[in-house]
Structure formats: structure tokens, C-alpha cells
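First to last, the protein sequences are chains A and B.
Just so we're aligned: the first sequence equals residues 13 to 254 in our numbering.
Just so we're aligned: the second sequence equals residues 13 to 254 in our numbering.
Read the hints as simulated data drawn from the structure, not as lab findings.
Not one of these hints is a red herring.
In silico SDA-like cross-links for lysine to any residue, where the CA-CA straight-line distance does not exceed 20 angstroms:
(1) A:Lys176 to B:Leu79
(2) A:Lys77 to B:Met173
(3) B:Lys77 to A:Glu153
(4) B:Lys211 to B:Pro192
(5) B:Lys29 to A:Ala128
(6) B:Lys179 to B:Val236
(7) A:Lys77 to B:Ala238
(8) B:Lys77 to A:Arg239
(9) B:Lys29 to A:Ala105
(10) B:Lys176 to A:Asp104
(11) B:Lys125 to A:Gly131
(12) B:Lys125 to B:His46
(13) A:Lys77 to A:Gln196
(14) A:Lys77 to B:Ser162
(15) B:Lys29 to A:Arg124
(16) B:Lys29 to A:Asp104
(17) B:Lys43 to B:Gly131
(18) A:Lys125 to B:Gly131
(19) B:Lys77 to A:Asp245
(20) B:Lys125 to B:Arg33
(21) B:Lys77 to A:Arg146
(22) A:Lys125 to B:Asp139
(23) A:Lys125 to B:Gly135
(24) B:Lys77 to A:Ile240
(25) A:Lys176 to B:Ala105
(26) A:Lys77 to B:Gln242
(27) B:Lys211 to B:Ala225
(28) B:Lys179 to B:Ser223
Here's the letter readout for the chains.
Protein chains: 2
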Amino acid sequence: MQVSCFDCTLRACGVFKPITRNELGAVNDIKREHVVLPAGAEIIRAGDEAPEIYTLYSGWAFRFKNLPDGRRQILNFLMPGDLLGLQAAMFDAAQHGIEALTEVQLCLLPRRKVWALFGEMPGLAFDVAWLGAREEGHVDENLTSAGRRSATERVAALIVMLYKRAKILGLVDGDSFAFPLTQQHVADALGLSLVHTNKTLARLRRMGMFSRANGSITVTDPHVLARIGQYFDEEIPMRPLI
Amino acid sequence: MQVSCFDCTLRACGVFKPITRNELGAVNDIKREHVVLPAGAEIIRAGDEAPEIYTLYSGWAFRFKNLPDGRRQILNFLMPGDLLGLQAAMFDAAQHGIEALTEVQLCLLPRRKVWALFGEMPGLAFDVAWLGAREEGHVDENLTSAGRRSATERVAALIVMLYKRAKILGLVDGDSFAFPLTQQHVADALGLSLVHTNKTLARLRRMGMFSRANGSITVTDPHVLARIGQYFDEEIPMRPLI
DNA sequence: CGAAACGTTGATATCCTTCAACATGAGTGG
DNA sequence: CCACTCATGTTGAAGGATATCAACGTTTCG
Chain A
13 MQVSCFDCTL RACGVFKPIT RNELGAVNDI KREHVVLPAG AEIIRAGDEA PEIYTLYSGW
73 AFRFKNLPDG RRQILNFLMP GDLLGLQAAM FDAAQHGIEA LTEVQLCLLP RRKVWALFGE
133 MPGLAFDVAW LGAREEGHVD ENLTSAGRRS ATERVAALIV MLYKRAKILG LVDGDSFAFP
193 LTQQHVADAL GLSLVHTNKT LARLRRMGMF SRANGSITVT DPHVLARIGQ YFDEEIPMRP
253 LI
Chain B
13 MQVSCFDCTL RACGVFKPIT RNELGAVNDI KREHVVLPAG AEIIRAGDEA PEIYTLYSGW
73 AFRFKNLPDG RRQILNFLMP GDLLGLQAAM FDAAQHGIEA LTEVQLCLLP RRKVWALFGE
133 MPGLAFDVAW LGAREEGHVD ENLTSAGRRS ATERVAALIV MLYKRAKILG LVDGDSFAFP
193 LTQQHVADAL GLSLVHTNKT LARLRRMGMF SRANGSITVT DPHVLARIGQ YFDEEIPMRP
253 LI
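Model the full structure from these sequences, guided by the hints.
In C-alpha cells, the structure reads:
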């Protein structure tokens with residue numbers, strides 16, 4: 013199990029922008045525990061007061077909102093290197109839930125200490141804000157899907173988006189990567205019914221856009237899928253530009 | 013025209029959390045220009061490189077994305093006290109546009125100086141991150157509308173949301189406030205067609221939920237409208253909790 | 001083996017979109 | 001002052017995309 017931030021394999025693979033040894037030490041100092049939770053675990057519950065902040069070290073999770081009658085909207089997916097609970101920690105109560113999609117390893121960063129870090133390590137404060145802005149960008153894209161893309165476009169755009177993120181993290185092998193979402197997750201992320209999601213996935217599969225086997229997905233041609241999904245992002249660079 | 017941050021009428025009306033005289037001085041030092049733009053002006057264009065950051069001093073604006081074929085999704089509305097262009101300034105190019113909904117007054121905060129401020133005034137760095145998190149919360153809510161609410165619920169939720177924000181800003185008189193959106197804006201924010209938006213608005217109006225006159229909207233009963241819209245927020249406090 | 005979660009498929013219903021036409025009001029130039 | 005245009009709002013009819021309902025298949029796992 014991961015212990016010291018100095019040995020962090022995430023950092024080694026270039027997920028984070030380089031930071032100074034001082035900054036890394038400061039992060040290492042405030043990191044409290046290394047938590048492991050199983051798939052399906054609730055990491056943050058809507059309404060939680062004073063939730064903590066975590067770095068997702070391994071595994072996938074998702075952020076979501078529920079309407080009073082139980083309808084669920086997934087807001088965005090979280091992958092290694094993402095910060096969990098930042099928005100929630102800023103307010104007096106979490107406005108959303110976060111649930112683990114796979115087994116996850118989390119690095120606990122007590123909120124008070126993160127705020128304290130703002131004063132001591134301004135570079136890290138910037139990085140925290142940057143991670144928040146990147147997450148907002150993902151939500152923006154998902155809102156554009158739910159609001160203005162057809163079912164086929166939504167599914168295609170979602171798969172490409174996840175593919176690109178997985179690729180950056182080095183999780184893509186050939187053109188395959190582990191895909192832990194059920195069709196219900198896809199439906200709740202895209203604002204579609206389960207049945208229609210199933211039929212849309214089947215259509216794209218029959219078109220040869222992707223294939224699935226033992227929990228993995230293989231994307232035949234990311235560019236074609238991006239065109240179908242009307243999805244064109246400008247590669248967000250890892251290193252914030254100051 | 014507004015000149016000094018020390019005289020800022022926004023600050024006087026309690027929109028911002030109190031900051032120290034030092035912090036205020038620092039903000040005042042980096043503030044460059046006071047810009048006035050007419051309704052419809054593009055404040056930030058998607059693809060802009062190195063856009064600046066602004067505080068919206070007066071007026072309304074909105075943030076949006078376009079698909080290649082022109083379909084438009086409005087991501088969130090911006091009201092006085094909001095920070096414009098923060099997300100865009102963090103990356104190498106803006107992933108969205110920002111357009112003025114009414115005539116707007118903007119306070120220009122050069123991005124480089126804002127980043128410099130992170131080092132000198134950690135309290136302000138926190139506030140910037142907090143404003144970003146609040147905006148993300150608005151996008152979350154809009155995504156939940158587009159993905160999981162019916163047309164009637166979406167319209168109701170949008171009106172209540174804007175009502176509550178306007179109320180906090182002191183823009184609500186009785187239960188009326190200036191409402192500069194066209195039905196096309198409402199449609200693009202909610203992911204509905206213009207025609208269906210019109211009919212849904214008409215239905216809610218006939219139900220007596222609200223009325224309109226010379227650019228203003230009057231909400232009959234915010235609580236009823238919130239119930240129709242399945243919209244229940246916990247009042248986000250002005251002052252961040254550290 | 002049985003149960004539970006997940007996936008698939010067809011039939012039917014409905015919400016929302018699209019198309020088309022017209023109404024209203026503001027601004028503009030003759 | 002009128003004619004004109006353009007943006008915006010309104011309404012009805014028809015079509016289509018997506019939801020809902022129902023049933024069954026498949027996989028996983030205790």
C-alpha cells in the first residue's frame with residue numbers, strides 16, 4: 013500500500029504537474045490516511061457536513077445528485093489523480109454524493125490542513141483551483157451532452173471522453189481499457205432511460221464502433237467515435253499555464 | 013462609474029464575504045480597467061488564448077458551449093459578484109464562450125496578477141477557489157435539470173434558481189425582478205426546443221405560477237414553484253467556512 | 001442450485017421536436 | 001407617418017425520438 017507521497021506512482025507517471033520538493037513534502041505532511049473502499053461504497057453522502065478532501069489514488073468513482081423522488085443524475089466520473097470532495101468541503105454541506113465505481117484507494121487530506129496549505133504553498137493553492145476548474149470542464153461537457161446531443165451522440169461522446177482521460181493516465185492498452193460502468197451508470201450520466209441506453213449501445217456496437225469483453229472496452233477508432241459524438245476537445249494540458 | 017474597490021457598492025451590499033483592508037487594497041491594486049459592454053457582447057470567445065479574468069460588477073451574462081453544427085448549450089448564468097473567465101484562464105484556451113445578457117460593467121483583473129495574488133494573499137486564493145466551486149454547483153444543478161427533470165420541472169427550477177440568486181443580491185423587489193432572458197435563452201439553458209419552452213412557460217403562467225411585464229418577472233410563490241421544479245437547495249452561505 | 005444484478009428485446013405510449021403560420025413590438029429609413 | 005424589417009413570442013398539427021412496460025436471457029456468486 014502507498015505510504016509516502018514521495019514514492020507516489022501517480023506522480024511518477026506524469027499525472028500531476030511537477031511540483032517542488034518542498035511542496036511535495038507539505039502534501040506528504042498533511043496526508044493522514046490511505047483509505048481503501050470497495051466498489052459501491054459511498055465516499056461522500058449528500059448533506060454531509062464538513063466532509064474531508066481526498067485524492068483518488070486508484071480506481072474510479074462518480075459524483076451525483078438525486079431528486080427527491082429518487083431520479084439520479086451522474087455529474088461526472090472521477091479517475092486517478094482527481095480531487096474528491098473539494099466543492100463539498102467549501103460549503104457547509106455537500107450538495108452531491110460521491111460513490112466508488114470500483115475498489116478505490118484514497119489519500120485523505122484533512123480540509124483544515126488543505127486550507128492552511130493555501131497560505132504556505134501558493135503553488136499548491138493554484139493546483140487545487142486548477143483541479144476544480146478541470147472538473148467543472150467535465151461537467152460542462154456532460155451538460156452539453158444531456159442538453160443538446162442525441163442519444164447516439166451522447167453515448168459516443170461519453171465513451172471518447174473516458175477513453176481520452178484513461179489514455180492520459182496510461183490506462184489504455186492498445187485501444188482497450190477497463191470500463192467499470194453498468195448501463196445504468198451510462199443512462200444516469202447521459203440523462204437517458206436504461207432501455208434506450210441499451211439499444212443505443214447495441215447500435216453503436218453493431219456499427220463496429222467498439223466492443224466489450226470481461227469488463228474492458230475496445231474503441232475501434234476514437235476519431236470516428238468523436239465525430240459521431242460531436243466531441244472535439246482541445247487536449248487539456250497537464251501543466252497549468254501561469 | 014466605479015473606480016475604487018474601496019467604494020465598491022457590491023461589497024457594501026454584502027455580496028462578498030468581508031475581507032481585510034490589506035486584501036481589499038491588493039485587489040484594488042491589480043484591478044486595471046472598468047469595462048462597459050452592451051447586451052449581446054462577447055466577453056470571452058471559445059478558443060481565446062490567455063483570456064483575462066473579470067468580476068461582473070453589474071448586469072447579467074451567460075456561459076455557453078456550441079456544438080460544431082451550431083446547437084448551443086447555456087451552462088450557467090452569471091450575476092453581479094461572479095468571476096468571469098476563471099476556468100478559461102486556467103487553461104491554454106477557453107473551452108466555452110461568455111456573452112453579455114444585458115449591458116454589463118466588468119472589473120478587469122489581469123490573470124497574471126491574480127496568480128501572483130495567490131502567493132501574497134492566501135485568503136483571496138481561497139475566495140477565488142470558492143467562487144469557482146459555487147459556479148460548478150450551478151452547473152451541477154443545470155445538468156440535473158437537463159438530464160432528469162421534465163420540461164415543466166426544468167422551467168420551474170430555473171426560475172426559482174434565478175429568483176433565489178437575485179434575492180441574495182438584493183435585486184428582488186416584492187417578488188419581482190428584472191428578467192433579461194429571451195425564451196431562446198431559456199430553451200438553450202434547459203436543453204429544450206424553443207416551441208416547447210414557449211408552451212411550457214405558457215402553461216406555468218396560466219397556472220398562475222408567475223407573470224411577466226416589461227422585462228420583469230413576478231414569482232407568485234417561490235416555495236410552490238420550487239416544489240414543482242423538484243428544486244431544494246440549501247442556502248449557500250456567503251462566507252466560506254474554513 | 002437459486003437468487004440477484006445486469007443485459008437484451010419487442011410493443012406501446014408519450015413527451016418533445018419540427019414544421020408552418022401568424023402576432024406583436026421595436027427600430028429604421030423613406 | 002408609413003412601410004419595412006428583424007427579433008421575439010404564440011399557436012396548431014404532425015412526426016419522431018425517447019420513455020415505459022413487460023418478458024426473457026445471461027452472468028455472477030454464495
